[in-house]
Each structure stands twice: as structure tokens, then as C-alpha cells.
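Novice: Next come the chains, spelled out residue by residue.
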Amino acid sequence: MMRLQSVQDLARFRQDIYSEQTIRYDRPTLVVCAGTGGQASGSNDIIRVIKRVLLERGIQDRLGLRITGCQGFCEMDPFILVQPGRQLYPKLRMEDVPRVIDAVLGDYVDEQLIYKDARDGRPRYSQNDIPFFEKQTRTILGSNEKLDPIRIRDYLALGGYTALEKVLSSPDPDAIIQEVIASGLRGRGGAGFPTGQKWRLARTSGRKDEQKFVVCNADEGDPGAYMDRSLLEGNPHAILEGMIIAGIAIGATEGIIYVRSEYPLAVKHSYIAIKHATELGLLGDRILGSDLRFNMSIVRGAGAFVCGEETALIKSVEGKLGEPRQRPPYPIHKGIDGHPTCINNVETLANIPVIINRGGAEFAKIGVPGNTGTKIFSLVGKIKSTGLVEVPLGIKIRDVVYEIGGGQVGSAKIKAVQTGGPSGGCIPARMFDLPIDYDSLTKAGSIMGSGGMIVMDERTCMVDVAKYFMSFLKDESCGKCFTCRKGTQRMYEILEDISKGKGTLDQLDLLEELATTVKDTTMCGLGQSAPNPVLSTLRYFREECERHVWDKKCDAHVCKDLVGAPCQSACPAGTEAWRYVAHIRRGEYEEAYRVIREANPFPSVCSRVCNHPCEEHCRAGEHGGEAIAIRALKRFVTDRVDPSTYRPLRTAYPDSNSPKVAIIGSGPAGLTAAHHLSLRGYRSTIFEQAAKPGGMLYSAIPAYRLPPDVIRKEIESILDENIEVRCNAALGRDFTIDSLQSDGYKAVLIAIGAHKSLRLGLPGEDTPGIYPSIEFLRAFNTGGFALARGHVGVIGGGNSAVDAARLALRQKEVKSVTLFYRRTRAEMPAFAEEIEAAIEEGVILEPLVTPMRILAKDGRLTGVEFLRNKLGPRDASGRPQPEPVPGTEFTASLDTLIVAISEGSDTDCIRAASSSLIEMSKFGTVNADPATLLTNRPGVFAAGDVVTGPNTVIDAVAAGKKAAVMIDRYLSGTTLRQPGTARLPHIYVEPVGPPGDGNGNGHRAVAPHVAVEARRRSFAEVDGTLSTEDARREAGRCLRCDLEFTQPSKTNAEVSVVEGVAL
Amino acid sequence: MFAYWNAKFDFIGEEDMIAEEVARVVEKHADRRGALISVLEDIQQKYGYLSRGALEAVALKSRRSLVDIYSVATFYRAFSLSPRGRHLVSACVGTACHVRGAPGVVEELKRRLGINPGATTTDREFTLETVNCLGACALGPIVVVDGRYNPNVGVAKVEPIIAKAIRGSEADDALHDERIFPLNVQCPRCGHSLLDEAHLVDGQASIRLRGNADGQSGWINLSRLYGSVHSVTDTLFPNDSITSFRCPNCDHDLAGPVHCNDCDAPMVPLGITGGGIVQFCSRRGCPSHTLDLDSGRSGATAAFNAPERGSAS
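Chains as they are written, first to last, in my numbering: chain A, 1 to 1063; chain B, 1064 to 1376.
The hints are simulated quantities; they were obtained by calculation from the structure and are not laboratory data.
Among the clues, some could well be false.
[Unchecked claim] The calculated lysine-lysine pairs, modelled on BS3-like cross-linking and capped at a C-alpha distance of 30 Å, are: (1) Lys-1173/B with Lys-474/A; (2) Lys-560/A with Lys-1091/B; (3) Lys-746/A with Lys-756/A.
I would like the entire structure built from these sequences, with the hints used as guidance.
Specialist: In C-alpha cells, the structure reads:
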């Protein structure tokens, strides 16, 4: 390349690029991201195949290929962005490439491959319409897709180095600094010091003509942040241009890029950029022929977090130990080799050309006063659209997380975001209205930091995160200050104790004290901010810490020593799923049955209707894998093993003096409590309002999901000589709580379920033809009355609504069934597979509606008037709020309407039945202490749906077990609330073959089910049982998380290691 | 890779590195800022770790105390004082990877390899390391094996990743890999085809060039498959030597104006029939190469005016 001698030369050179068409904009171009993220996802393979196809077809001239650095939408890598149409083809495989090329050459869109948004499944034909990009302001990052980072011509063609041109036309350092001050730009490294002010200080610092340095700090040490990498990798000349301008402004002649060696591509691209800029004469002893000098070099960091701190960075540049020193003197006075050194972050420097080109005042219009411009965040962790996002400062966290990031992944709700990395803190979801600016984040106990924004959900443990940061910091503390060295170590140890279940409540206070001490007594930024992760965790998530300490529970299922095997810890009833799966693999089905039954007296029921939290937490299901089909395996066992195989272990037998217990309600909670009380030596009487026991199991779940026979057999196997069941005995009518107590029952358990559907609150709701869903389900399930006829509407989106819809479809006089829901299908709380089955069977889904008016004629329902909704802003739970749109009224003609918006308990009977009122919540549930299940009345406990509201069977079973324990403690006079213990695997079941190997194709087994045509009008059970072969293969896929705890330790020395060299 | 033939990394083992080599590296960085770190990086790059002998040689040569050298070598995570295995497995434990399950992945790697992070298996096959962040946070957890990034790694993916490393990351099966394809190349000077039907490499006509390095000269036949590293030659050119290549037809020196981004040796550009250029580094053993179809102009002139292209793909 020729060396340019003047500003005019540069302008001419740029003009040549346009006229020679070195870069051709006259043909479609495939843009492929080949940054670190793109390459990790296989974009190099995509590029190779593109080249192959271009060569094979000889169409190099008709189609361009641009290989760029990171464009930020890493979730979608590898992708092709087509210019000029801006179609985005995401997550491509090599075999897709020819199809994309066909589409581009044929000027059409490949509907199958085009980007579809996860929220509505609809295609977006231009990248500009993708929500991830729509809400961003990509002042800096936007250039990355337009240029190949190793071609200086690309940068020049985009107007690169025009800011330098402008500056060099009439070099005036004060004017540059004035412009930067006017822009309001604050350092993007995290502390937010005004850049213009730093430059002004640097300009006046030092002796006249003393050598000065500009350092670009690309030691992006915050683990979880990669904005600087993507900028240096994707647009290195922008950084160079910013540095040269900084050099001119402060009078520095040497520039150094200090970059982490963990970023090989960034190192390489910076190196090439410096080489090209030097060749062109943009760097060197006479920049563009002027008498200004600026040379640049790269120093690679060697992996030390503390070297991001400016004084440590300087030591590292000098080739020494990267230990910080006391400030002042600040580096702008005494830096590298004692010379004035101005250190700026990568992103700060990338903003400089923008400021010079647009003018400082114009730049200041972006963002909010005091926090101007944009900031790039690395939005990662538990979020749908991960990647780099550039937003104006002052935007709300909520907008970034939900609008741009698309919200939660899967079922776990977002709990917090962590900003600022190891120096920052966690901000809880309830504070997501906080604007993102330097000052608000600091006030909230976190910091802006360099831009890491890690989203955490219910499966992220805050104790673990704090421990993670302390582990990081204790390793990275340089050791110079005693309090930092020892303080981070000690805080780590305490958090480690807590995560292992060995913590005490006193330690939480100690932790806080330590954190404050470290903050106050350390020298550099690392130590001063090191306690932030701990302090913010204690401030916002103290309850979660206490749960670890007291209950020995990690609800996120993360802390290994409290969780054990996640399938087991996820099960409310504590079923050792890993253990029975292991037995199935070995062909020991009776042993498997005993394991299941030991934990859960309703194995056959749960093998059909359980919401299987065990599968949600199964490690085989992480990262695109498929969870073990644990429920189907349970079904396989319960279908083939006789319940009498299990002989329960009794710890005591009742005698004539044993206290009696009254249990109101014979659902899964009541029966489980009775069963476990019996095993503990108590006699109990169950009072059931209906004609037979079973509660919600009978009345709420349709037969095609759970055949009544299964319920009956299961209950028969539970009942024994210690349990008396009195049917047709209703609370409030036939007995009261007072009467039970005066009849000598020493403890009472209320477990009456949630049998009362909530009302819409519209006039005319009592018109014949309208039924609450529970009433509708119960009428059929227990009495065989088919209440639905003609065109049926069901309002609601939960399991009860879907059950009602599917049941209505099966009733003889029904013509159609429509499910009306206020949000979209994605937000429906019902199980996804149930919604799918309902739609398959012919239920029509009418989403986004609000019922407004009930229409009736001659005293009978004729229809309902609805308004259409749109999705509005999200509420605290992260769900978008439905907003009715005026003027969109429509009428649905209906003969039957089933209202299934939620259920409460029929708590009127409790009020009437008790002389002293039992406390209720505003939701119509009984207030019982969640730790002890005791109500406000001595000796009266409550468990199951009556406490929690509508809930799952397995939760009811767990509540029943807990109630039995609490009643036992109460009757034997011991303390109700006792510290918990972790349930860890402790029985070794020898694996057959290597865990995780099912000898199959690795895919999850699917149980046979009745075809749609056959089941649409049938009450026969839909789901079948796995074959023996499938079941054993499926069991073989289990990763056996238990082995870590149960495997006898290896004695052979195959694990010895090569020792390090000792000096 | 379209590289100037295949040079595999020779595993040094426990042998101490030669003092002269260290001296050369120290010399090279003598006048550079931050020399010590660069010196250690270069030595580690070459031998995979810093042996006691190497540190002593650095101390001797740079006239600093061994304690100084040792303290720097142990302060930075990038340096290893023990030999590494044939395969380097780095698991990212950055925050984003952590919250997405990196600890479980590290546990599984430990279990499968039977070693702790920082250690090497006794058979010297694997070294396991954890790194604080690789900057691919959106795709976590990340495990890098021999420089190859594996995104979204769950516990279940660990076993296949290790198996792949043992098999070799890049399959040698050039004929069935859809990323590997033949090029029709011509001399950028005279435009004559360089394909040689008489000498087959990878079962196909090869690219025949005359080579001259360190006083030796001979024929070199490179595979015409982009992505294959196979080649045949009648002369043994020493490793690291820069070869000057000539067209068998016009005998022009083919060295181009562009220099290798990795080793600074001249790149050798060849024209592609129908447009585009392929370039490879003239230093034996350097894998750097480029294939540029987007130069805007085709054939011979483009080769000598083209901007540089990275070796990434």
C-alpha cells in the first residue's frame, strides 16, 4: 500500500476506493459474522461452504461475501445477513448454505430458514424488524456488520478516519478536548470518569515535550463481558482512530493497546490494523505528512484480572508483577516509566470518532443529561436473546431484559441481573424499572462496570453466585493489601460453608462486617469493590441465604452439597428418581417400585399426571439435550409391579392411648398425611364430603388422563387399619372444627383442596348455561352428568381450563369447543403438552381476548361479547399485561360457557365451622405457617391446595407428608420448626455400562399414545406405557448424578497427575 | 488448510529447552517494553510450558534474578510451569458460563479425564485448564479443545468432545468433507494453469511449483483441495525456512507484496480461474493461508493488489 502524504491524499484514496469499486455495493452480499462467537458456533464452516458454492457455480462476480467481526447477535450464530435486503438466516447448518444462495440469486426469501421471532413464531424479513435490534441504538456496534476488520479499505469506505482527517486539517488539541467535554462522554471502563476532563489533565501534565502515552485498556477482565473484544475484533480501526486523536489531544506520541491474551482474534486484528494504518501513513513519525508523530504497539496481558486496574496495568506494561500502587500520583501524571499516561477503555475510544464527526453537542443528545451516549452491554445468562446490545444510557433495565432480550428462557422466571461483574452486584427483578446510568446503579449497590449484564433466573442460586465471585476475587487479589487478600478468602470460606449447608445465621452478620471492612481498608478498585457481590446478595437475597442456612435447601438446585441429584431435590416429595431409573436399567423393576412407593403413596397417579419437576431439572436436558423421561419410566414400573410388593416401614404402632387425628378431605394431601401418620403410630379419621375418597383427583382430572380405576386401586393400597374414612361428611354441615376437637381429636388437618372456581365478575353470570369449571368437571367425573351442549366456550388458560375444554369436546351434544384466553398461547399456564393435545383434538384457541358482556335470551345463554387485547408492558413477573383495545368488540355465539379463570377453596365452610376464626388470605386460602403448616389455631393444621391455591398432585403429596411430620411433632411435644437436612443420594446402585449411554440414538423415549382420531370422543386413557426395551434404553441415558455421592472411591492410581516443576 | 505442506507440532516432552533458543527470544525482545512477559509468552508458545531450565536461562540472559522471573511466571495465569499434554482442554468459568452450568461441566471433565484443572494426565494426552472468560459469553458454557471452541456444552456433551479430541479435531478425510473442495489455480504472472495431471495428491491433479530455500531447490506438489494439508516434494526443506516459489511455465518468482499475519514471511498468491486469489505463507510449517473471492477484480492483477485476508477460513 502506498504511504499517504497529506489529508488530501487520504480523501483521494478514499475516493479511489469508491470509483475503483474495490468494494462493490452493486450486487447482493452475504455477510457472515466470524468473531470469536461466530467461529465458536461454526461460522468458518459456513464461510467455507459459501466459497465452495461460489466457485463451483462460478458466480464469484454475482454474489459478494463479507466476513465481519462480532455483530452481537451471538445467539443466532452462525448466520448469514443478506445485503441489501437485510434478511437474516440464523443458526445455519452447512447444508442450508446453497438454499440461502439460491434465494438471494432468485431474489426471494427462504421461508423455512428466515429468522422467526421466538415470541410469536412469525418471520421477520428484515433484521431491522427483529425486536433484538429494533430497540437498540447501534452508534458504535452498528459498523461491525459493514466491514471486514482486516481490510482497512472497508473502514475507509465507510468514512473511517474522517474524524482524523478533520482533526488534522487544523490541529487544535484544545478544540478536540472541548468537543469531548461537550459530549459528556464518561469512561466506559466502569468508573465513569469524564473523558474530556481526563484528557485536559493529561494535556497539561508533565514537562514540556515530555513523552506521553495513550493506553487502550482492553484487559476486559470481567468474566461475562465481551464488548471490548467485539469492538477490537470487529472494528479495530475505530479504536486506532480514537487513540490517534487522543494522542494529538494530549500530546502523546506513543499508543499501547493492552489486550488480554485470552482474545487471540482481537490481538490479531489489532496487529493487522496497526500494520495497515502504519503502511498507509496514518500512524508513524509523520502522520499523513504532518509533523505529528504517533506510534502504536500491542502488549498482551497474561491473564490477571487486577491488571485492568490502571496502576497494575502500567506495571504489567513495564514487564513487572501486576500489583497496583497507591494513587495519587495518578497515571496521567506518573504512568509508564514515570511518564504521563492516559488510559482509556476500548469503548470510550470507539466513541471518539463519532464525537468528532457529529460534534460533542450532537452526541450529548443521546441518552440523558449526565449520562450521555450509548453503552454496550453483554446481555448473557438466562435470557432468550443473548448477545451484545447497545442502548442509550438511561434506558430501563426492564426494557433491555424483556424488550431486547426477549425475557426468560423456558419456565424459570428471571430473578435478577448482575452488572459490573466481580465489582458489581445483583439487582432484583422487582427493581427493573431502574434506569441504567452510572449513578442509579451505584445507588442500588451495584455498578455500571464495563457492561456485563448477566441475567439470572430461579435456577440461579444467589449464594452460589456470590461464592463464585469471591472465589474469583480471592484468586485474583494480588495480595498486596492484607484485608483484600484475607478478606476475600474468608468471605469465600463462609459462603462455601453456607452452600454446603454448614453455615450459621451468625455467619451472615459476620459476612456483612467483613465486607464492609474490606471495602474501607483496601487500596485499589479491586479490593474496594470486591465486597459488592456479597453486600448486594445480603441486601436483596437474604432470605435465600437463610434458606440455605436453616432449611438446608437450595431452591435453585445449584449448590451441589444441598442438592445431590437434581431429580431428587426437585421432587417436592423427595423421590429418588435416579435410584429407580438405575434399577430399571438393571432390570430390577420391583426394587424400582419400592423406591418410588417409599417416597410417594400415589405412584400410579403421579406417573400419569405429575408435572415432573424432576425432568425440568434433569442434567441430561441442559443445553439442548433431552431430559430423561422419568415420568414415563415411573409409569412403566407402576404398570407392571403389584402394589403389594411394597411393605411400608412402620416406626410405631398405635395403642389405646394414642392420640387421634382428624383429617378433613381425602385428596392426595389428606390421604398421604393419614398414611404417614399411620406409619408413625397414629390413628386418623378422614372426613370426606363426597361419596368416595379421592378429592380433587376424582373431581378435577378427566378420565382420559387419569382413569378412575387407577385412583381407586391406589387409595385401596394406602388405606389400612389405622385409617377410617367417613364419606358424605361435610365440614360445616355435619361437623365443625370445634366439634372435632370436643370429640377428642388432638389434631386436625384441613386438606379440602380448591373446589371453588372464581367468578368473572360480569352481570348475568348465573344465567343457565354458564358453569364454573370445577363444577362442570365434577358433575361429569363423579356423577356422569354431561353439562355441555352446542357451541362451548371455555374462558381461562390454566390446566383446569384445558381439562374442561377437552372434556367438553368428548360430550355427546357438543358441536365445537373454543378456549378464550387473555394473553397468547406462550403465556398459558397449562402444561404445554396438554395444550398441544387439546388443539390436536380440535379445540379452537382464541387468544388475546377479554370477556365484556354475557348475552342471554329467554333466560338462557346465547353468547359472550369480547374485546380483543394486545400485549402491553410486562408486570413484575415478567409476563406482558393484556390490554383491551377499544373498538374491537366481537360476539361469540355460545350455548355453554365454562369459567376456568382460577380456583379457590370453599372456605365459607371453614368460617362457619369454627368458633374462633381461622385466618384466611385475601386469595381465599388458609393462612398456615409455611414452615410448620400450623394455622393460627392451636392443633389445627392445613395442607395442600387449601393453603397454596390450585397446585399439583406431587405438591399435595409432599404437603401431606410434611403435615404428618408436623402433627407427629406437635402430638409428641417436640419443637415444630427444626433445621432441615439435605437429602443426598446415599445408596450405591452399580451402573450397567457407562452412564449416559443408552445404546440408542441418544433421543428421549416417547410413550405410545392413542391417535387423535381415535381419542377425540373417547374417555379411554390417551397415554400408554413404554416397552421394556425402550424403558431400559431410556434408563441407560441417565447421567447418574448420584454416583458422585455414592460411588465407592477409586483405589487404583490411574488418577495421579504430573507434578509441577518446583523451584 | 491450504498450507505450505503439513508440519505437525513436535511434542517436546520433559526435555529442557535449549539455552540458545531462549537467548534468541530474549534477544528478540531486548528493546521492547514489557520484554519479560513477551519472552515468557514466546517460550511458552514454543514449548507449551516454562521449564525450570528455561526460567534459569531467561534469568541468566536478561541478568535478572531467578526470583524475579519466577514471580512474574507465577503471577500471571497464562503461564504454566509444568509440561502440557497433547490436547489442551480449557473450560471457561466466566460468570455467564457459570450460571449456565459450567461447574457441572468442569466436574464431568475432571471425572472423565481423571485429573484436576491445572494437571496433565500421566499419559500426557490431556491437560485440563479453567479460564476466567473467553469472551464468547452468549454461547456458554464454552469448552475449548486444541483451539476449537465448543459452544453450549452440557454435561452430556463432555464425553463426545473428549472422544473427538482423541480422534483428531480435523478429520483427515478430505474427500468426504463438504468444507473441502478443489481449486483451479493459475500463475498470477503468465496466467498458465498450475495443475499437474501427472502427479496426483489426494487423488487429484496437484499444484506444481518450483521451490528454492536455503540453497536447495526442487519440485513441490500441493494438494489442490482447499482444506487439505497434503503435499509431495522431492526435496527436504528445513522447518521454518522461507521458500521462494516459481511458476514452472514462466519461471517468475511468485512471492507477493503481502506478508503473513502470523510470521511476516511473504505470502504466495495464486490466481483462481474465474476470479479470486488464494494465498499461502511461504514459510514451511506456517499454516497461514487465505482464499479471497471478493477482491472485486479477477485474475492476475488482483493477486498483487489484494488486501490481506486472515487465516481464519
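Novice: With reference to the structure, classify each hint as holding or not holding.
Specialist: Hints, verified against the model:
| no. | hint | result |
| --- | --- | --- |
| 1 | Lys-1173/B with Lys-474/A | 22 Å, holds |
| 2 | Lys-560/A with Lys-1091/B | 50 Å, violated |
| 3 | Lys-746/A with Lys-756/A | 29 Å, holds |
Comparing the model with each numbered hint stated earlier shows that hint 2 is the single one that does not hold.
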